[in-house]
Amino acid sequence: MKKLSLILASALVAAPAFAADVKLELTGNDAMQFSTKVLEATAGDQITLTFKHIGQLPIQAMGHNVVVLKPGTAIPTVAMKAVSAKDTEYVPADAETKALIVTHTKLVGGGQSDTITFKIDEAGVYPFFCSFPGHFANMSGTLTIKAK
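Residue numbers (the numbering used here): 1402 to 1549.
No wet-lab data here; the hints were simulated from the structure. Careful, some of the hints might be misleading.
[To be verified] Pairs of lysine-lysine residues, derived as BS3-like cross-links and limited to a Cα-Cα distance of at most 27 Å, are as follows:
(1) K1471 x K1438
(2) K1482 x K1499
(3) K1438 x K1482
(4) K1549 x K1438
(5) K1424 x K1549
With the sequences and hints as input, model every part of the structure.
Next comes the structure, spelled out in structure tokens:
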């Protein structure tokens, strides 16, 4: 019995940590502000991000989204390319820029929301921003992915 207890205890200690389901919420408003500039999760977590536009202006006048970039990517670099990407909801579709984007929500107008689910396996600081023309200066932040 003692031997069995030691085996079970050893198995529990050696068991790998399971990824968590992390639910994050972010809002944007008609004053071009996110509700927070800091989001956090742990590497390997399944992240569900719900983005809500709590303003009232329509998408054509005050559309918002959330674009998450790879660590070290300069937001202005992607934001400048986003200006001409109206057909893809201001998310650049060229291969070079797409390689810098981890994930993104849809573009939403006042009263609308979008939810995305994704996983990031590497720890780091991932910048995020709204890619609607002119919004990135006020609407940006970081998603910090902590090591397991």
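Going through the hints against the structure:
| no. | hint | in the structure |
| --- | --- | --- |
| 1 | K1471 x K1438 | 16 Å, holds |
| 2 | K1482 x K1499 | 11 Å, holds |
| 3 | K1438 x K1482 | 22 Å, holds |
| 4 | K1549 x K1438 | 23 Å, holds |
| 5 | K1424 x K1549 | 17 Å, holds |
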